[in-house]
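Chains as they are written, first to last, in my numbering: chain A, 1 to 654; chain B, 655 to 859; chain C, 860 to 1274.
Treat the hints loosely; a few may be bogus.
Pairs of lysine-lysine residues, derived as DSSO-like cross-links and limited to a Cα-Cα distance of at most 27 Å, are as follows [said to hold, decoys possible]: (1) C:Lys-1245 - C:Lys-1187; (2) A:Lys-440 - C:Lys-943; (3) C:Lys-1014 - C:Lys-1165; (4) C:Lys-1080 - C:Lys-985; (5) C:Lys-941 - A:Lys-440; (6) C:Lys-943 - A:Lys-552; (7) C:Lys-1120 - C:Lys-1165; (8) C:Lys-943 - A:Lys-514; (9) C:Lys-985 - C:Lys-998; (10) C:Lys-1014 - C:Lys-1080; (11) C:Lys-1274 - C:Lys-1080; (12) C:Lys-1014 - C:Lys-1163.
Residues from chain A that face chain C, not an exhaustive set, calculated with beta carbons under 8 Å [stated by the list, open to error]: (13) Asn-75; (14) Thr-323; (15) Ala-342; (16) Ile-385.
Quick caveat, the hints were computed from the structure, so don't treat them as lab data. Even glycine gets a Cβ: it sits at the ideal position worked out from N, Cα and C.
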Amino acid sequence: MADAITKSGYTAHDEKITARSSLFYRPQAKTGLMSWLTTVDHKRIGFLYGVFALFFFLVGGVEALLIRIQLAVPNNNFLSAQQYNEMFTMHATTMIFLAIMPLSAAFFNFIMPLQIGARDVAFPRLNAFSLWVFLAGAIIVNLGWFLHDGAPNGGWFGYTPLTTRAFSPNHAIDMWVMGLQLLGVASIAASLNFITTIINMRAPGLTMMRLPVFTWMTLITAFLIVLSFPAITIALVELMMDRSFSTNFFEVSNGGMPILWTHLFWVFGHPEVYILILPGMGIISEILPTFSRKPLFGYPIVVFSGACIGFLGFGVWSHHMFTTGMGTVATAAFAMTTMAIAVPTGVKIFNWIGTIWGGHISMRTPMMFALGFIWLFMFGGFSGIMHSAAPADAQQHNSYFVVAHFHYVLIGGSLFALLAGIHYWFPLMFGRKVSEFWGKLSFWVIFIGFNTTFFPMHFLGLNGMPRRTFTYDPNMGWNNSNFIATIGAFILGVGVTIYFAVMVYTYFKGERVKNDPWDGRTLEWSLPNPVPEYNYRVIPVVHARDAFWYEKQHKEEIAAEHAKLEKAESAHGGIHMPFQSIYPFIASLGILIGGVGVATIDSNPDPKVIVGKKLTVCLIGLGIFLYGVYCWALEGNEGYHLHLDGHDSSDTKH
Amino acid sequence: MSSVASGAIDHHHDSTTSTGISNKKLLMWIFLASDCMFFGCLISTHLIYRLHPPVGTPPASSIFSIELTSFSTFILLMSSLMMALAVNAIQKGNLKSMRASLVLTIICGLIFLGCQVFEFSEFVHVKHLTISNSILGTTFFTLTGTHGIHVLIGVIWLTTMLIYSYTGRLSEKDAIDVESMGLYWHFVDIVWIVIFTVVYLLEYI
Amino acid sequence: MRLHKFLHNSFTNIRSLGAVASLALLSGCSWQSLLGLDGKQSTFITEGPVARTQLDLFYVTCYVTFAIFVIVASILAYATIKFKARTPAEESAIPPEEGHGNPLIEVGLIAASVFALVIIAVPTLKGIWYTYDVPVEEKANAYEITATGYQWWFKFEYLNEQVPGAGVLTTGNELVVPAGRPIHVNLRSMDVMHSFWIPKLAGKVDMIPNRGNLLWFKADKPGYFWGQCAEFCGDSHALMRFRVIALSPRDFNDWLDQQSKSYRVVASTGSGLGKAQFASLRSFKENEPGVSGDFEVSPLDAWKAKQFPEKNENPELITRGMHLFSEKTCNTCHMIRGYAGAVGVAGPELTHVGSRTTIAGGNLDNNAEQLQRWIHNPGAVKPGNKMWVNGYLLNNIKLTSEDEVALVAFLQSLK
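The following block holds chain A by itself, in its conformation from the complex (with noise of 0.2 Å):
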């Protein structure tokens, strides 16, 4: 990626600017470590995220195959109930967590600045500053498993009164809610950046309703980031007061109610959902389209009910509460809404059969696992109308039927449109293409593999398996489909190997591809591959919905608006880029010490020391977060200016 990038053919000689001269250093590297760590470039931070992104999709990976080795037979002892109960937190925490969102962050921060016509996000150095605080989240979550407390085992809802200090009295928990707040943080950050860059950034012309159906799901996913993740953040910090400070909140002894975390952590928990599906329809919104080569069908239609998704998503969090006794009005009026946000979920699966409808479809790799999206997001799609009748979910609730269910929304969902992007982005990020057989070879033992791990857990959770037991007796009546089923998660893990190897091997050796190989609709597809630091060399005008489409058939036109463009541009100083900074990644440090100090330290320090080793740890966390935020805040929003000689148009299409 560095390489790619420096290397991009861009030949290029800057300015400082001096109208305010800095005491600070700002780097220059373009290569090594250090370029990484002081980048602001939304390509390499979108990267950076990806790779974090699929590590951890490993690691919840293979405990998930534990998972499924421990329930392979009735009282299998492979893992004792202690590691069981770690590993399903964990793999719950870690895909949700540090999987999933990060991944369609690595997206929103790769694709949605090229969709838009911009040079980077609004906050440059802010981005960064989510990234590390990310991956500090990230460490500390998984400190565990490297010390005696042992990894968080609370479940990834973590109800209390489990969760206090009473019943999870080691420091597990005291990691996972340090960690999930600090993600929290994080996820925030990067969100506030999305919207300001979606709102305020967008190229001439690029009107809401010309937004291309990704960056829409971007800023929706970003307003349900923003409003939805301080219900959790309040939530554990309640826990943390309880846990460090003997408050009450969820102390039973003394009047607190422990349901009323069940309430906060599903006023998040729900969104959340949607959190990590709307990127994924985003994704295939634009797929769709490119590969049957028409425009989307009903695009204002598929924008609005994303809205109106992300709407209802904050009114139909108590439908995973149906068994808490809420009483009749209440159950009633939840069991109305879930059905209501079926409608828009239901209108998208109608847009997209009418986008391919009458189409030329080329069935390349992205085609088939979107395709494969949308056969298995309406199969979790009908169980979980099924799980909007309340009474019925009585029975559901809990059980390996839910299990089924989200699992059909998430890896037939989520993952599989994320794997979709991957293939589809992969030639413009990096300039190679995956090969078609091996992409979908991996889709068939991906898909076959997938529906064979989660099919029959259907018909295990209505034969009343619950969910989150380490163990079973022979003699329920739950062998069969449990033995399938990890042979099935066996058979996925094959198929997710040989994709990421063969993405991998792509990397370095894969088939070199001209710019725009699927003859895309949307304005990143006029970048040349990869895409140049400063992305655009002139901000394109934006006529149509389909921008880039648009451009290919008013070929001179555009031509001879760019060339106007470029020359107001130059005239006005060129290009301008930010500064790097190593400050966010310092602050972030910061954040991980005192995180780690907060998480992992007991706080009985000997009475004569006056500060303890918590106290300590804490204090230098400290300094350093706030040594790096005002270093940050001096050092200001400084850039220097590039001017692109005229060298020949290989590398751009105008």
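Since the structure of chain A is provided, determine the placement of chains B and C on it from the hints.
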């Protein structure tokens, strides 16, 4: 239009963005929306536990001192006025007037914080309401404490700005920074009005 | 080695599945058993009106979604096959139609989906009100019980049955109820969240600390049912199981009479411990199943057999076990009505533990071997349980084989 008065700089339209709203201001607005949810959750927690008090909880009105809190509320409201004057002053390029308003804002903020520190220590030492001995103490101290931290961050931020205005880092072209800060300050003030109403006044109805 | 066992097991399972299937076909058996969906906690086999309402609603959702699935999936499949580009030329050609959508189709589809949802919504609303609480017309006939969740067992209190001097009648892990009467269960929790689930009788409702929940069910006829905790509640959540035994009204009254008595004293005959065998316990594999087939064929009869004293009781051994019960401080946590000093409430009440079919939270058959396995090392059966952590480990309780056998004999005598 202040842009007419100040001449060159248009403080109400940023031509480099699609909407004409500057990025900083937009970021602040969205952050405040998020912060609304933070306070929303804390206030809900307080109100829920207010409706379900454990047996033996003393009435909150026997603990609160409404006179002191009314006074500090008034002070915080005045600080918002000062903040508005500061924003207005820098948009007109009047640094001197801005500094005066900023100083007054900071003083108001500090008085408010002082009142809160006094209130907390009195609750703990005289009224025996601590963060861990009752659910009321838990929700009250957490909620008002979180608000207090917001005010404290605001005061530090304002002080930094005040210092910058002397070193030359803050001038008329940075009016947007002061304006964004002002949004934050007014928000913190509005949140206090909500807290004052539902935490304090509600107990006297 | 383990793999070999895996394969062997699954092969046997598949073979037995095949056998069951052909048997089912011959005897005209239900489709549930044909598909292997007739497990002990199957929601497809309903034995009461609440579970039946829930299953009927599930079928409604199945029919509706299946109808939608058939329509949407065939259109999707048709479109995928019909419009697939088959030549490179076709692939790069631009289709004639540049349609951006059709409002009429969109509105029509939205209306159709809303209609489909209404079909589900109506029985959903009916079901919510029906399953929430005992119907008004049956209220007078309802029988009230309080179930309390602990890590990791259930306590059942019979609110209408006062036992002189000992409050209400209390049992643990096995809930005996009258068949044909609505049972109103108050759900409570003393530590963390649990959930009360008897799949064949009623869907689950959570037991939440500091919150009073309720659930009702009715067993159509006498029977023996499997239940399990359905909310993650810590280490041994998977082992928090229980049973429900529904009896005919007469049997139920007999049972109540029997249970209301104080513990059964077996008088020592003074013949010494001569015949007692103190063979040490066979070693159990980690997490070895503790249930046998005893309750497979006719569980209710097996339960009934449990209500009578064992034939070969050894009174000396039982007396010794009775003394050990307080010597080893079992009595601080377990109540045995009539036994001086056995008034603990931290663990299940044991006055008539010998008459239960299972022990250790529905995990082990209630026989001498499993009982000894349980008291020998509770932590190995149910990781992290209070008897092990707060009892054995904290108080350094050591039992010899003799102690164990005597205690087992005593506990078994408590019919």
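Hints versus structure:
1. C:Lys-1245 - C:Lys-1187: holds (15 Å)
2. A:Lys-440 - C:Lys-943: holds (16 Å)
3. C:Lys-1014 - C:Lys-1165: holds (20 Å)
4. C:Lys-1080 - C:Lys-985: holds (25 Å)
5. C:Lys-941 - A:Lys-440: Holds - the C-alpha atoms of A:Lys-440 and C:Lys-941 are around 20 Å apart, at most 27 Å.
6. C:Lys-943 - A:Lys-552: holds (24 Å)
7. C:Lys-1120 - C:Lys-1165: holds (17 Å)
8. C:Lys-943 - A:Lys-514: Status holds; Cα separation ~24 Å.
9. C:Lys-985 - C:Lys-998: With a Cα-Cα distance of about 18 Å, the restraint between C:Lys-985 and C:Lys-998 holds, given a limit of 27 Å.
10. C:Lys-1014 - C:Lys-1080: Within the cut-off at roughly 24 Å; holds.
11. C:Lys-1274 - C:Lys-1080: holds (25 Å)
12. C:Lys-1014 - C:Lys-1163: holds (21 Å)
13. Asn-75: With a minimum Cβ separation of about 5 Å from chain C (threshold 8 Å), the hint on A:Asn-75 holds.
14. Thr-323: Since the shortest Cβ distance to chain C is 5 Å, the answer is holds.
15. Ala-342: holds (6 Å)
16. Ile-385: Interface hint status for A:Ile-385: holds (6 Å vs cutoff 8 Å).
Consistency with the previously given hints is maintained throughout, with no hint failing.
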